[in-house]
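I would like the entire structure built from these sequences, with the hints used as guidance.
Number of protein chains: 2
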Amino acid sequence: MEKVAVQLGQRSYPIVIAPELLSSALAVPELSMLWRYKKVAIISNPTVAALYLPNIRQLFAQQQVIEFLLPDGEAYKNLQSFEQVNSFLLENGMPRDALLVALGGGVIGDLTGFVAACYQRGTAFLQIPTTLLSQVDSSVGGKTAVNHPLGKNMIGAFNQPQAVLIDTQVLSSLPKREFAAGMAEVIKYGLLGDAEFFVWLEQHQLAIAELQEPQLSQMISHCCQMKADIVSRDETEQGERALLNLGHTFGHAIEAWLGYGEWLHGEAVAVGMMMAFELAASRGWVHANDVIRVRALLQAFALPVAPPKGMQIADFMPYMKTDKKVKDGRMRFILPKTLGLAIIVDDVTETELQQVFAG
Amino acid sequence: MEKVAVQLGQRSYPIVIAPELLSSALAVPELSMLWRYKKVAIISNPTVAALYLPNIRQLFAQQQVIEFLLPDGEAYKNLQSFEQVNSFLLENGMPRDALLVALGGGVIGDLTGFVAACYQRGTAFLQIPTTLLSQVDSSVGGKTAVNHPLGKNMIGAFNQPQAVLIDTQVLSSLPKREFAAGMAEVIKYGLLGDAEFFVWLEQHQLAIAELQEPQLSQMISHCCQMKADIVSRDETEQGERALLNLGHTFGHAIEAWLGYGEWLHGEAVAVGMMMAFELAASRGWVHANDVIRVRALLQAFALPVAPPKGMQIADFMPYMKTDKKVKDGRMRFILPKTLGLAIIVDDVTETELQQVFAG
Numbered sequence: 129m130e131k132v133a134v135q136l137g138q139r140s141y142p143i144v145i146a147p148e149l150l151s152s153a154l155a156v157p158e159l160s161m162l163w164r165y166k167k168v169a170i171i172s173n174p175t176v177a178a179l180y181l182p183n184i185r186q187l188f189a190q191q192q193v194i195e196f197l198l199p200d201g202e203a204y205k206n207l208q209s210f211e212q213v214n215s216f217l218l219e220n221g222m223p224r225d226a227l228l229v230a231l232g233g234g235v236i237g238d239l240t241g242f243v244a245a246c247y248q249r250g251t252a253f254l255q256i257p258t259t260l261l262s263q264v265d266s267s268v269g270g271k272t273a274v275n276h277p278l279g280k281n282m283i284g285a286f287n288q289p290q291a292v293l294i295d296t297q298v299l300s301s302l303p304k305r306e307f308a309a310g311m312a313e314v315i316k317y318g319l320l321g322d323a324e325f326f327v328w329l330e331q332h333q334l335a336i337a338e339l340q341e342p343q344l345s346q347m348i349s350h351c352c353q354m355k356a357d358i359v360s361r362d363e364t365e366q367g368e369r370a371l372l373n374l375g376h377t378f379g380h381a382i383e384a385w386l387g388y389g390e391w392l393h394g395e396a397v398a399v400g401m402m403m404a405f406e407l408a409a410s411r412g413w414v415h416a417n418d419v420i421r422v423r424a425l426l427q428a429f430a431l432p433v434a435p436p437k438g439m440q441i442a443d444f445m446p447y448m449k450t451d452k453k454v455k456d457g458r459m460r461f462i463l464p465k466t467l468g469l470a471i472i473v474d475d476v477t478e479t480e481l482q483q484v485f486a487g
Numbered sequence: 129m130e131k132v133a134v135q136l137g138q139r140s141y142p143i144v145i146a147p148e149l150l151s152s153a154l155a156v157p158e159l160s161m162l163w164r165y166k167k168v169a170i171i172s173n174p175t176v177a178a179l180y181l182p183n184i185r186q187l188f189a190q191q192q193v194i195e196f197l198l199p200d201g202e203a204y205k206n207l208q209s210f211e212q213v214n215s216f217l218l219e220n221g222m223p224r225d226a227l228l229v230a231l232g233g234g235v236i237g238d239l240t241g242f243v244a245a246c247y248q249r250g251t252a253f254l255q256i257p258t259t260l261l262s263q264v265d266s267s268v269g270g271k272t273a274v275n276h277p278l279g280k281n282m283i284g285a286f287n288q289p290q291a292v293l294i295d296t297q298v299l300s301s302l303p304k305r306e307f308a309a310g311m312a313e314v315i316k317y318g319l320l321g322d323a324e325f326f327v328w329l330e331q332h333q334l335a336i337a338e339l340q341e342p343q344l345s346q347m348i349s350h351c352c353q354m355k356a357d358i359v360s361r362d363e364t365e366q367g368e369r370a371l372l373n374l375g376h377t378f379g380h381a382i383e384a385w386l387g388y389g390e391w392l393h394g395e396a397v398a399v400g401m402m403m404a405f406e407l408a409a410s411r412g413w414v415h416a417n418d419v420i421r422v423r424a425l426l427q428a429f430a431l432p433v434a435p436p437k438g439m440q441i442a443d444f445m446p447y448m449k450t451d452k453k454v455k456d457g458r459m460r461f462i463l464p465k466t467l468g469l470a471i472i473v474d475d476v477t478e479t480e481l482q483q484v485f486a487g
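Listed in order, the protein sequences are those of chains A and B.
The numbers in the numbering used here rise by one with no breaks, and the one at position 191 of the first sequence is 319.
The numbers in the numbering used here rise by one with no breaks, and the one at position 22 of the second sequence is 150.
It is worth saying that the hints were derived from the structure and are not from the lab.
Among the hints, a few may not be true.
Remember, identical chains collapse to one label, so a pair may be satisfied in a single copy or spanning two.
Unchecked claim - Below 20 Å or equal to it, Euclidean Cα-Cα: the simulated EDC-like pairs (lysine to aspartate or glutamate) are:
#	residue 1	residue 2
1	K455	E158
2	K304	E338
3	K166	D456
4	K449	D362
Next comes the structure, spelled out in structure tokens:
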């Protein structure tokens, strides 16, 4: 069993990682505060609920539990779903001192976390991420949001959960494509600040692809620890936390251009990271060999490494110009300075992008 | 010029109170940080905008300014308006480092503050309250929210502004009925924790009704100071801040039962305070004479002192049982222990309410 503590003063919380944790969570001392809530609302989707809702019901067998299932998919991470969940909670008389449980991937986690931030001006919530992507990324750090037709995650809040429960066993039921999408974010941690971890991933890629333990738990724990450290130092993304967006400025543009839900978030991020490396290589910051290594590791997990067919750099621009990272009118990108060290730059122009990516 | 500092660590902010402040704000040192934002979005309603938008445009003459007018009234303090304002900001490319300006009463302030809490996960905002109610209450302390058909202020956030600008001169254009509604909240401050202030109000009621200075500014400043002190000690309403809800449990039920917008919030609160006093009197906590004094001062401002015609205690119950203050299934009320000292109680039963208010 791996444990990571997210240090945020009064809002600190534990992340617990283990195979079959959903069956053993009641015995984990760090999670004892979870069983004190009297009313619990589980938010999930039909696919995940069919597999794991019985486990969660058992964890909360002593509590009054209500359940809300949202249809599957990023398309439902919007204000309409936000309103639906709030209405459901009010219709069922959920008080402010209830616990909301997010059981699912990033869509469920981001939406539930945002509802928890706003329902009666703030309700406790628990993250039980069931995809690799949400386990290593969105469930940790308190970024919650819904999408808007004009941009991803444009409406949301910084809101920390009471705890994060990561059962690595659930990944065996995850479609291969979704596991790969999560690996894009895992690889990102190596690229943005930990060259050693990147090498570890190159070495253990087969064990990881086969979901072998203890490597799988170790890998997830390492990502959570890295994210927890960054978030502890910069909760609301005034500086360093922005590094976690490596690949995301390009990636969000791809998702928005295709229409949310066409590509998985991690797939778009994989391409975004490749583009960041290609841009950095053209500036002479990273070696051609690094670009090859990054591409090889992404491809080992069958991730895309080039933009969708027909998407030109001009198609990226409208989305990148309204990105949340825009400051004083300048686009900001996260670029690798070397393999394992990313920095924030605001001097990338449309002209440079055209030169690097045209043709 | 009166100044009140709300002490909340990094989120501290000034409240500046003066007649004609909208013409002199640029010269106030405490407000200098406001003129550094490059992009400004003013949210207002047609009535207020017609009177004061030119002043605000002049304050931000150096900035890029966009304006959004929401129709008048509590009925528009809902998730649909929340979505509209977010869409307006995105369509106009407002970045995260913009300043939102709430120019109007509580509806505009609460809605804009909530949008500011969520737009790109948090944008700075400025409160320019133009009703007495919002000047002494909703603009101070960072409670923001929208209503839901099942309850008032059910979806929102704690979000502090950068500053609050209170121009007492604007009250001369406020309808008498709205001024009176604001007086209900002013009187509340005396009742919940400051018997001396209640006596001051009894003594100066004529000057106040005639909007005489310096009494008007002094009165508003005193309320802001009381609220600032309470909020500094208990920002997220874990305890003491709940006292500010004196009269609100009954009051919210009245507003919801009538349909939002029928009675003004302050009118419902006036009745709520009377009911709290009558309940406390039946418990022997306050003297019959105190009840008479409270009723007399409310009536001096032509405020209602009894529930709307036809509303029985049974009609209050569904709303009071889903009130945000409900904890562990028990309704919580703020009741006067004496005139000038309120406490939180959770032992009021439906039976007691029936006995006090039946017939």
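Going through the hints against the structure:
no.	hint	in the structure
1	K455 / E158	neither (40 Å within a copy, 25 Å between copies)
2	K304 / E338	within (10 Å within a copy, 74 Å between copies)
3	K166 / D456	between (47 Å within a copy, 8 Å between copies)
4	K449 / D362	neither (24 Å within a copy, 40 Å between copies)
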